[in-house]
Structure formats: structure tokens, C-alpha cells
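Spelled out, the chains give:
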Amino acid sequence: MKGRWLIPTIYIILLMIPIYWLVNMSFKTNQEILSVLSPIPLNPTLDNYLVIFTDASWYSGYINSTIYVVMNMIISVSVALPAAYAFSRYRFLGDKHLFFWLLTNRMAPPAVFALPFFQLYSSVGLFDTHIAVALAHCLFNVPLAVWILEGFMSGVPKEIDETAYIDGYSFPKFFVKIFMPQIASGIGVAAFFCFMFSWVELLLARTLTSVNAKPIAATMTRTVSASGLDWGVLAAAGVLTIIPGALVIYFVRNYIAKGFALGRV
Amino acid sequence: MERKVNQKAWFLVLPVVLIVCFSALIPLMTVVNYAFQDTFGGNEFFWAGLVWFEDILNSSRFHDALWRQFLFSGLILLIEIPLGVVVALSMPRRGLGVPICLVLMALPLLIPWNVVGTIWQIFGRVDIGLLGWAVNSLGISYNYTTDPLSAWVTVVLMDVWHWTSLVVLLAYAGLRSIPEAYYQAARIDGASRWAVFRHIQLPKIRRVLVIAILLRFMDSFMIYTEPFVVTGGGPGSATSFLSVDLVKIAIGQFDLGRAAAMSIIYFLIILALSWVFYTVMTAKRRDDMEVGQ
Chain E
1 MKGRWLIPTI
11 YIILLMIPIY
21 WLVNMSFKTN
31 QEILSVLSPI
41 PLNPTLDNYL
51 VIFTDASWYS
61 GYINSTIYVV
71 MNMIISVSVA
81 LPAAYAFSRY
91 RFLGDKHLFF
101 WLLTNRMAPP
111 AVFALPFFQL
121 YSSVGLFDTH
131 IAVALAHCLF
141 NVPLAVWILE
151 GFMSGVPKEI
161 DETAYIDGYS
171 FPKFFVKIFM
181 PQIASGIGVA
191 AFFCFMFSWV
201 ELLLARTLTS
211 VNAKPIAATM
221 TRTVSASGLD
231 WGVLAAAGVL
241 TIIPGALVIY
251 FVRNYIAKGF
261 ALGRV
Chain Z
1001 MERKVNQKAW
1011 FLVLPVVLIV
1021 CFSALIPLMT
1031 VVNYAFQDTF
1041 GGNEFFWAGL
1051 VWFEDILNSS
1061 RFHDALWRQF
1071 LFSGLILLIE
1081 IPLGVVVALS
1091 MPRRGLGVPI
1101 CLVLMALPLL
1111 IPWNVVGTIW
1121 QIFGRVDIGL
1131 LGWAVNSLGI
1141 SYNYTTDPLS
1151 AWVTVVLMDV
1161 WHWTSLVVLL
1171 AYAGLRSIPE
1181 AYYQAARIDG
1191 ASRWAVFRHI
1201 QLPKIRRVLV
1211 IAILLRFMDS
1221 FMIYTEPFVV
1231 TGGGPGSATS
1241 FLSVDLVKIA
1251 IGQFDLGRAA
1261 AMSIIYFLII
1271 LALSWVFYTV
1281 MTAKRRDDME
1291 VGQ
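Chains E and Z supply the protein sequences, listed in that same order.
With this note's numbering, letter number 85 in the first sequence gets 85, and the count goes up by one each step, no holes.
With this note's numbering, letter number 49 in the second sequence gets 1049, and the count goes up by one each step, no holes.
Just so you know, these hints were derived from the structure itself, not from any lab.
Fair warning: there could be bad hints in the mix.
Derived pair list, reagent style DSS-like, types lysine-lysine, alpha-carbon separation capped at 30 Å [as the list claims (entries may be wrong)]:
| # | chain 1 | residue 1 | chain 2 | residue 2 |
| --- | --- | --- | --- | --- |
| 1 | E | Lys177 | Z | Lys1004 |
| 2 | Z | Lys1004 | E | Lys173 |
| 3 | E | Lys96 | E | Lys177 |
| 4 | E | Lys96 | E | Lys173 |
| 5 | E | Lys96 | Z | Lys1204 |
| 6 | E | Lys158 | Z | Lys1008 |
Bound-form chain Z, shown alone (with noise of 0.2 Å):
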């Protein structure tokens, strides 16, 4: 859409920046300023540089921290991208069932993060949950308040459990939109299921695809609720993601310096794929107007 050059418009922007600055951009600088500072206690803050970065990127503990949110991101789309494209490509196209299909797997999306917790933290327990209990009495050893193992196959059931069906939700909606004519015209030539899959299917939901993993990829890396309230970061840190360990440093140790120098490289990890999701997402509108309008 053409869309006209009007500097006006700045005032229907206005009560958006201005609420913007209040909840980002002030308390964004006020970390920026712990950060370069430091202090001796009471109020009294002196120029530190960047002290507080050379500490924490040559820190052990923001490494492990780091390889760790890697290795959970990484891990839950090599699940959920998957397992969300085979569900959605064995949802009929239409018929009755479809809606209530949609509402059931929407289901979990819509928990809120800390009951997610909750549910999972029962669930797991060896003393009451099916989870636990099952897994045990299948005779293997299983419990995420103690083994560093079982607390990460529990943290990433619990991820894939909360949103595979957003993928879902987000491949089904890319496949509805091939017509009909495609699948006639792929019938009539004999192409096989996967032919069908490769050349047409994956083409038209590449991009709700690529929406769907930097979504996913994004919010898994900021996780903080779930994990907090089922395993706390623990056994010992086994589970201490990005967000768990600052708020550990921040909240817990009140360690400004520190925790404002690990948002900020933070924030930039955030700032850097935000442009990329940016492009992606931007990237659309000149597909559209290249191919329709």
C-alpha cells in the first residue's frame, strides 16, 4: 500500500513514545548507568568503565549461562519446528472437527506461564505426578528435583508441551491459503506425498516457518517463569537459563553492576536478532506488492 508522507502523524505516535519511554527507555538507562558505575554502598557512585563487562564476559558463570539458553533454544525448535509441521500437514484441510482441533491445541498457549509451571511441576513429581510415576516405574531413574538430567528433559517436555501449537497453528494457517487447483494439478501428474510436501507445501509456509522459528527462538530466550517455578535453576544452576541467573545476580544478590552489565549484552543478543525477525517480518509486504495488488 502507498502510503503518503504526513509529519502530523507524529502526534498519533506520540502517547505510544511517550509511555514507551516511561516503562523502556528510562529504566533501559538506568541500567546502562549501573553499569559503567560502581559503588561502596550508600548512594554514592563513582566511574567504573567497563569493569563490569570485562567481569562477566570473562566470567565462567555467564558462559555456562549462555551455552545453556543456546543449547535450550536450540534444542526445543529441533522438536517443536518438526513436530508442529507434521501435525499441522495431518490436519484435514476443513471439516467440522478443524475448529474444535484449533481451540483444543490453542489450549496450552493460553495457561499462563506460571500455572504452566505448576501443572508440570505436579506432573513430574515422583511422589504424585503420572509423569514421574510412569517414567519410574517403567524403572528409569527420574527426578528433576535432584538429576540435572531429568530437570532438563523435563524443562524442554514442558517447552514443547506449552508451543508446538503455535507452530502448528502458524503452518496450518500458511497451508491453508494453497488453493485447492495446486493439489488437483499435483494429482493429475502423480506426484508423490512428499513431492507434493517439497514443492508445494513447504515453498507456500516458508515463511510463516521462518516467523515461527525466530518467534520461538526470541521468547526461549528470554524464558524465565517456567523454568523458575519447576526447577527454580536448579539441581545447583543445571536449569539457570539467561533470565533465571540475572534475576539471581539482580534481584537476588542486588548486584547492580554486574547485573546491569550482563543486561546490557543481553539486550544487545535481543537487539541484534530483532533486527533480523524485523527484516523477515518487513520482507512480506514487497512479496505482496511484487506479486499481487
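Only chain E is shown next, with the shape it has when bound in the complex (with noise of 0.2 Å):
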């Protein structure tokens, strides 16, 4: 059995080099990147770091993607909760034309929505602000959310609401008291992968901000198309990118598959 693990092993291994060879890059001085290749920093520095920590224009960006990424979010996963448990439950008109109507939402190319997007929220005021990019990224978002939580919720056996409302539970109370308890892991799932997507998306963020709320994503790009030398700092910036998603992979590595195939694996 133990050739079992060389397949996988040699796999990892080769997924690792990339993101070793960024990290390698991250602590070197840019000196040292543009005279010699080596495997490890020969002066290992953590000025690159200290750049994004003091440099206003680097640390806001990273506010600046927290705040609507955390919008985004919140606001994803409490609509979507209530139209899950409507799509799971009951069949209403026109249920499954909305229901691929999302899914096509979620499929949709954001190259296409770019120019309009912009329109819109300059003419409602709203561009250059945080709230804007949590609107834009509802755009495939709340999709997402509706699909993830309603395979979850497909597995909760009716029966639970059947009794709870023969018990006296009013709607409300007994959606948010016995309800999501049930499916909690659903909502972390799909509050993880709200949280993935609009961390990740790139085009509408850049398209939708200038200055106030700039996020990390288009702070990175510009700097390469600015200078293109800096590329310490970059590879230092990316590690950061990195870290969340490596922190909270452990907890839902178990539901990865199921929250990419949109809660139907």
C-alpha cells in the first residue's frame, strides 16, 4: 500500500513549487532577486512586509477588500436563506425558470456586466464606494448562496418543519431557532465561498473603484503596470492574499467539492 501515496505525493509537491518560489521571493531584497537564483533568501528581510504594513496605499487596500467583502457577504447569505428554503420546500410559479435564471447569473462572464456596472453606479452615486463592489459581487454571489444552501437544506428531512409547526413555531421562529441550527454548516459553507469569490474577483472591483475603495487585487496590478520592479513587495502582498484562505481551509475542507459543484456532490 505504500506506493498508494506516491501519485498524490509527487501531485502536491508540484503544486507546492509555485507557491514556494513566491514566499522564497517574498523575503528577499529586490537586489537580490534581479542578481541571483537561489532556492532560499541568502539575507532573509522583512522590509517587503514593512512596506505593506506603513505604505497607506498598500494596507488600505486590504481594508478596503475586508470591508466589501464582509458586505458582500452578509448580504449574500441573508437573502439568500430565505429563497433557499423557499426553492426546497415549496414549488411556487415560475420556480425552476428563476431557479436556472440564477444559475446563469452565477455562469455569467463579468467582462460582460463591466461597462454597464460602471454606468449604473456612477449614475446612482454609489461609485468608488465599498458598498458598490458588495452590490456588483451579489452579481454571482447570491447565486452561489441560494444553490449552496438549498443542497444543504434538501438534506434536512421535512419532517422537522412538519413538527415544529404543529408544535406552535411561527415561521420566523422556527427558521432561525431550529432551522439553521440544522443546517449550520451549509451557511458556513456558503458564507466561505461568498467570502472566496469576492476576495478573488478581480475586473469588477478594479472597474467599480478608484481611490476610496481601492481593493488589494487592483492595488497589485497597478503596481506591476506602473513600475513592474517592485517585485518583492508583490510577492510579499500575494503571500498575504494567501493567508486567509489558508486559514479557514481546515475547517471546511470537507465541503470543498460540495461548494465549488454549487451543494450537489
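Both chains come to you apart, so use the hints to assemble them.
Printed below as a string of C-alpha cells:
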């Protein structure tokens, strides 16, 4: 059975090499990066990280991203919860069409929406605000949350609802007190995926912001195009954006496949 | 699960409908608007009919982008699906190492897309990247900023690195649902490794694989961030996929009519694909009901 680990091990090592290289670069000075190619930093330095934590144009990027991501997560999950319940428990006029329409929005290329979003949010005076990006990301995150939650809710036996109603629970009380604890892991997974897809999105976030709400992703790409030199800081910024995902991944490890497959595995 | 007819359920979905109207329907109508109109500047538009559509459908630039897109999506499917299945098959069904393996494999999936771009931008560079340096010192000329073939290899390799784990995770989830008794029966019958795969494992993971293929196809069909960061669509327009090209036209050149018409054609392709996806996804329900419950 020992040979069983061979292929996964090789695969994981190959996956780790590019990440290792990024981490390696983030501890080097630019001088060292450009002069020698070394597998470990010869003069390890934390300067690149210091730049990010002290320069407002860098750390404000992280703050902005966090603000709109959290906003989006809260909006998406809270509107998706009742909707997912409706889809999993009831049939109503146009339910299938609506469910399909939601899916098309998850699949829609953000590139199609970039320009109209820009005009829409400019005309209502929301351009360059966090809420604009949070709302724009609802385009794909609300459908995602609805689909994932519906997948989890359909796994909860219907008898629970019926018993609760017989016991005299009202719908809101039943939903919050009894139903939500039942699908707690589903809510966690939905929130995690909303967080992630909003955190990784660049195009819409970049189009809808200029200064006040500029996300870290945009800061990173703009640095590249402007100077194209500060590799160390860029690498350090990259490492810092990986950390949130790496921290929570352990808790959702059993649900990653389910989440990506929109709750259908 | 039997679902009751209840029209009041509309109140529960109303918030979602409102928010999606604001974030999807209104913008989409703007696009439709532009697609059928033209302007001489200012804010005066007039009806242009199907001119923009004819223009786009006849332009070689669009054909090239579309062709590149299909080539890219096809290539990454050809690599990622078999590779993912092989890795999933070779993973032990249980053991202490499995959760660690899964967590490590899932790591690339959770890296922000632009950082995936940054990682490969650095990794592939000839002067400072391990990959670029290694390939060149093997005597193969490689430079993704000047050579279209290198750029393609980089972008495809990046996508394989980024997303193969998703196929692994999905396939592994499917494999884990196979009862141990099946394997024991196969062992008693003396079935070969291939026979086990062909007759036990493949039928069981077929549905997950279809989901994986569709997800990968659709997500790769709208890829923007990663090639944008690494190659910017270049050299020339060698890696300008549909989204990259569309953004160039819409935001770069502010060519509203052409961009809008292209968006609609793009969206229709996605719509057709979504329908296939939806059919597959919801078909499972019926299978489940027939088999179990």
C-alpha cells in the first residue's frame, strides 16, 4: 500500500513549488531577486512586509477588500437563506425558471457586466464606494449562496418543519431557532464561498473603484503596470492574500468539493 | 422530496429577485440597449438595428478570440480531467494523511485569481523565475512575454495548476461514496485494476465528472484575471480570450455598440451552456428518487 501515496505526493509537491517560490521571493530584497537565483533567501528580510504594513496605499487595499467582502457575504447569505428555503420546500409559479435564471448569473462572465455596472453605479452616485462592489459581487454570489444552501436544506428531512409547525412555532421563529442550526455547516460553507469568490474577483472591483475603495487586487495589478520592478513587495502582498484562505481551509475541508459544485455532490 | 405548492413562497424569494434585478437585469438591459443603437457622441443615440451584430459576427478579431477560447477550454479539459481522475484514484480511501492531502491540494483553489497570475508571472520569468530559468537552462527557448507559444504554455500550465485539484476533489468525493463491499466482490471475482475502474469506479463517478467538466468548461470560458495579469492578452493578441478581448473593446476603446453586441453573443453562448449544466445538475434529483428514498 505504500506506493499508493506516490502520485498524490508528487502532485502536491508540484502544486507547492510555485507557492514556495512566491514565499521565497517575499523574503528577498529586490537587489537579490534580480541578481542571483537562490532557492532560499541569502539575506532574509522582512522589509517587503514592512512596506505593506506601513504604506497606506498598500494596507488600505486590504482594508477595502475586507470591508466589501464582508458586506457582500452578509447581504448574499441573508437574502439567500429564505430563498433557498422556498426552493427546497415549495413549488411555486416560475420556480424552475427562477432557479435557472440564478444559475445563469453565476455563470455569466463579469466582463459582460463591467461597463454597464460602471455606468449604473456612477449614475446612482455609488462609484468608488464599498457598497457598490459588494452589490456588484451579488451578481454571482447570491446565486451561488442560494444553490449551495438549497443543496444543504434539501438534505434536512421535511418532518422537522412539520413537527415544529404542529408544536406551534411561527415561521420566523422556527427558521431561526430550529432550522438554521440544522444547516449551520451549510451556512458556513455558503459564507465561505461568498467570501472567497468576492475576495478573488478583480475585474468588477477594479472597474468600480478608483481611490477610496480600491481593493488589494487592483493595487497589485497597478503596481505591476506602473513600475514593474518591485517584485519583493508584490510577492509579499501575494503571500498575505493567500493567508485568509489558508487559515479557514481546514474547517471547510470536507465541503470544498460540495461548495464548488454548488451544493450538488 | 415532495414539495408542496405554495405561491406565498414568492415572498421568500423576493429579496433575491430584487437584488439580482439590480445587479444583473438592469445592467443587462443597458447592454441590450447599446447593442441596437449607435451614437455620434454626446448622449444622442439612434436605432442601428443589427449592424453591430453583423459587424461582430463578420470580424476576424472576434472569430480569433472565439477560436482561442475554445482551444484553451478544450486543452485544459483534456489535461485536467484525466490528471485529476488519476490523482483521485491513487489516493487511499482513508488514512491519517488524507485530510492533510485534501487541504494541501485545495490550497491553489483558494488563492485569489490575480495572485495566481502574479505567482506565475514571477515563476515563469526568465530572469527571476524558477520555471523560466529552468526551462531555458535545459536549452529550450522560453519567454512568455515575447513568444506566443511560451505564453500559451504558461497560461495553460497555470490553469492546470490552479484548477486540477477541483477535479481531484470532486472525483474523490464520488469515489468515497462507493461501498467497500463492491471492491471486495471485485477482489473475489479476480477483477483487474482496469476492470474495477471501468465497471465499478467510472459509473459511480460519472455524474461528478460531468459536473466537473461543465464547471471547468464554463469557468474557463470566462477566464479573465489570470491571463490579464500574466500576459495582458499578449504577446500581440496571442492569449486574448473572449473576456480579455471584450474588456479591451468595452473599457479600453469605449466602443459601446461593438462591445454590447459581443457581450450578447457571449452571453447567449453561456446561456446555452448553463442550460446543459442545469439539466445535468437537476437530473440527479430524479435519479435519487428512483433509486433510494
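Hint check, failures only
none
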